[in-house]
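Colleague: Chain by chain, the residues:
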Amino acid sequence: MRKMAPRVWLLCAWLLAFLAGCDTGTEQTVVVKFWAMGREGEVVQALLPAFERRNPGIRVRVQQIPWSAAHEKLLTAYAGDAMPDMLQLGNTWLPEFVALRAIDSLDERIRNSAAVQTADYFPGILATNVLDGITYALPWYVDTRLLFYRKDVLASAGVTAPPTTWAAWIEAMTRVKARVGGDRYAILLPINEWQQPVILALQLGAGLLKDNDSYGDFRAAPFRQALLFYVEMFHRGLAPPVGNSQLANLYQEFANAYFSMYITGPWNIGEFNQRLPDSLKNQWLTAPLPGPDARTPGVSLAGGASLAIARSSPHKEAAWKLLEYLSEPAQQLEFYRLTGDLPSRRIAWRDPLLADNPYAQAFWQQLQRLKATPPIPEWERIASKIGQYCEAMIREAMTVDEALAALDRDVDALLEKRRWLLRKRR
Amino acid sequence: MMAGRKAAWHINPAYWFLAPALGAIFTFLFLPVAAALLLSFTDFDIYALGNPDFLRFVGIQNYLHLLQDPLFWKALLNTAYFALLGGPLSVAVSLGAALLVNAKLVRCKGFFRAIFFLPVVTTLIAVAVVWRYLYHPRYGLLNYGLSLLGIGPIDWLGDPHWAMPAIILMAIWKNFGFNMIIFIAGLQNIPEHLYEAARIDGANAWQQFRCITLPMLGPTFLFVAIMTMIGYLQLFAEPYVMTQGGPSNSTLSIVLLMYEEGFRWWNMGYAAAVAFVLFAIILAATLLQLKFRRADDA
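So the sequence lines, in the order shown, correspond to chains A and B.
According to our numbering, the residues represented by the first sequence are 1 to 426, in order.
According to our numbering, the residues represented by the second sequence are 1 to 298, in order.
Don't take each hint at face value.
[Stated by the list, open to error] Okay, the calculated bits of chain A under chain B, using three or more residues with CB under 8 Å as the criterion: (1) 69-76; (2) 90-101; (3) 392-399.
[Claimed, not checked] Straight line, CA to CA, 30 Å or less: simulated DSS-like cross-link-like pairs of lysine-lysine: (4) A/Lys-371 x A/Lys-73; (5) A/Lys-73 x B/Lys-109; (6) A/Lys-210 x A/Lys-371; (7) A/Lys-73 x B/Lys-74; (8) B/Lys-74 x A/Lys-417.
[What the hints assert, rightly or not] Ranges of calculated distance between the beta carbons of each label pair, as one might list FRET restraints: (9) A/Ser-68 x B/Pro-52: 41 to 47 Å; (10) B/Leu-287 x A/Asn-249: 38 to 44 Å; (11) A/Ala-168 x B/Gln-61: 27 to 33 Å; (12) A/Ala-79 x B/Lys-291: 39 to 45 Å.
Read the hints as simulated data drawn from the structure, not as lab findings.
Heads up, the beta-carbon is just placed ideally off N, CA and C, and yes, glycines get one too.
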């Protein structure tokens, strides 16, 4: 073998020294990798300088991921062993990441924490972060869906207060439809969305799945009744049979009274304020969802996003500090100011910023009345099936009973693996 | 004897030169394909991703399930609709554009070539945004044009019957420029003296086109037809950005189905099975075309 030239040895030594230097550099400051989605990922960076000042040894690197690609990106990151330290998760995704064993239990840390009090969270939302008694994430901001409506259009149709029961709701929509005429409608229910029919079914007490969430239960009476009510709204011409992609500009359509009611979430408070013409500034309002009758409250979905710590993270301690910081009421309020995302800590709602906001107050009431969808990894997929069959029912490609039978069959097939796992565990 | 043994030990030096390329092809092409084939015989999903004990070997279950999946048949029909209508139309439009641009009377040929080629190099997302406005049922330019002709508004992307034709129209507009360039190259390779001879014999323009242009374009045609068919059978991006497969799955293509199964729902085993079925279909269609062409030539 030829001897290596002294110069090469020198180079190697120099490289080694350089690498060693790098190593000691990273030991002093911990870099927490934090993945956040969409607008939240952009805005959260404004909260971080204060955190880094308070914790000189910690640097936070935020990576912003668009919502539409977030789910795929997180699964791919897990498969590729490239998870961040802390991540934002839609709370319906949580069961999936728990099944993957991708995120860590927070129980121990919550118990030892002075900053985080679980009693201060909305119980309905916090419950979606707990699986089999273990808390895997903490709600960052909350969201649910309720009624946005045009005060002026409803008033001109003789409806003075938002409806609180289904009967009053149908009555109000029929009047609005009669008032606005043929090519305009009372309510917008995008036909490819599963949320609206599922909310109605949950209001009637539908379980959606049965036998430990291992079979579909869509032919059961409550779900069927809710679907009949939902499809009826289209067949009576109260709602246009259009999907999301067919509305080029939702806000313009709302301003034109193409529809006067819309079931949507808190993100639209800011959008409506910003995008509606000035003449409509005080002509719309939010209201909690109507219930099936006066005694049954109108529940809605427990939505929102949570913060979780990856099981694979080498910097869990630092990530927890960041999670605690973002959970502080002061930071939650600041985050609300920046994004319009509603705080998950109830104490933050006492601030006049929210307490005096008429749009937010309806959400406060709705957030006391929440129900969650089944906490299983397959839920997203089942939900998309529900959306598909609802579309078929509305387009009258299938009758309600045919569609529900097909839905049960598809969902039973989807849950085959879950049943196998449940049997195996036994 | 000696010579034979020596030959057996001797490796042709060409293989050493080929080895890096072959190694790369083996590692990055054959291995993943083999892995995907194996995957298609399992029920690899997120449970298996989290815990390998939850992986089951299911034999040809995925393929059997696929054949019974109404969504797969729907996707197959949609893809066939797109390829059988869109493919020939696209080739015809390309040929027409090539003939026009190549015509002797046309000035500024380079300009027109560039204009027609522009959609090919434009980002699909930007194209999709513009086309969504063109297709808008109430404010769209297309429906405005139709209303001038007295035709009522069509809900292009919202009506299950019109969504696929809308996608086809957009795909043709987006892609015809590429084949046009290839046709132009083919046209320019036809010797001018053939046309001169035909003109002397008194052939009119149509006869020249039928008896000289088309036969001389034969090999170009074969190439364009096969590439277009392969491309069109792999329909994905257009419905992905325009309709997400809707309305009522009327624009769901096989690749979109595979993508949804694999990367949205993480049913990798099932998605791999879809991939192999599509591969088999494309292979069969290509062989069929080659066979027809050979029969033609013979």
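Colleague: Tell me if the beta carbons of A/Ala-168 and B/Gln-61 are separated by a distance inside 27 to 33 Å.
Modeller: 52 Å, violated
Colleague: Given a hint of 39 to 45 Å, does the C-beta separation of A/Ala-79 and B/Lys-291 actually sit inside it?
Modeller: This hint holds: roughly 41 Å between Cβ atoms.
Colleague: Count residues of the region 392-399 of chain A with a Cβ under 8 Å from any Cβ of chain B, then say if the count reaches three.
Modeller: holds (count 3)
Colleague: Three residues or more, CB to CB closer than 8 Å: is that satisfied between the region 90-101 of chain A and chain B?
Modeller: Contact hint for the region 90-101 of chain A vs chain B: holds, 4 residues under 8 Å.
Colleague: Are B/Lys-74 and A/Lys-417 close enough, with their CA atoms no more than 30 Å apart?
Modeller: Holds - the C-alpha atoms of A/Lys-417 and B/Lys-74 are around 25 Å apart, at most 30 Å.
Colleague: Given the hint that A/Lys-210 pairs with A/Lys-371, test it: the Cα-Cα distance must not exceed 30 Å.
Modeller: Distance of about 16 Å is within 30 Å: holds.
Colleague: Is the hinted range of 38 to 44 Å satisfied by the C-beta distance from B/Leu-287 to A/Asn-249?
Modeller: Hint violated: Cβ distance 49 Å, outside 38 to 44 Å.
Colleague: Has the given pair, A/Lys-73 with B/Lys-109, been kept, meaning a C-alpha gap of at most 30 Å?
Modeller: Violated: A/Lys-73 and B/Lys-109 sit about 46 Å apart, past 30 Å.
Colleague: Holds or violated: are the alpha carbons of A/Lys-371 and A/Lys-73 at most 30 Å from each other?
Modeller: 28 Å, holds
Colleague: Are at least 3 residues of the region 69-76 of chain A within less than 8 Å of chain B when you compare beta carbons?
Modeller: It holds: at least three residues are needed, and the region 69-76 of chain A offers 4 whose Cβ sits within less than 8 Å of chain B.
Colleague: Does the structure keep A/Lys-73 and B/Lys-74 at a Cα separation of 30 Å or less?
Modeller: 28 Å, holds
Colleague: Would you say the C-beta atoms of A/Ser-68 and B/Pro-52 sit inside 41 to 47 Å of each other?
Modeller: 30 Å, violated
Of the numbered hints listed earlier, those contradicted by the structure are 5, 9, 10 and 11.
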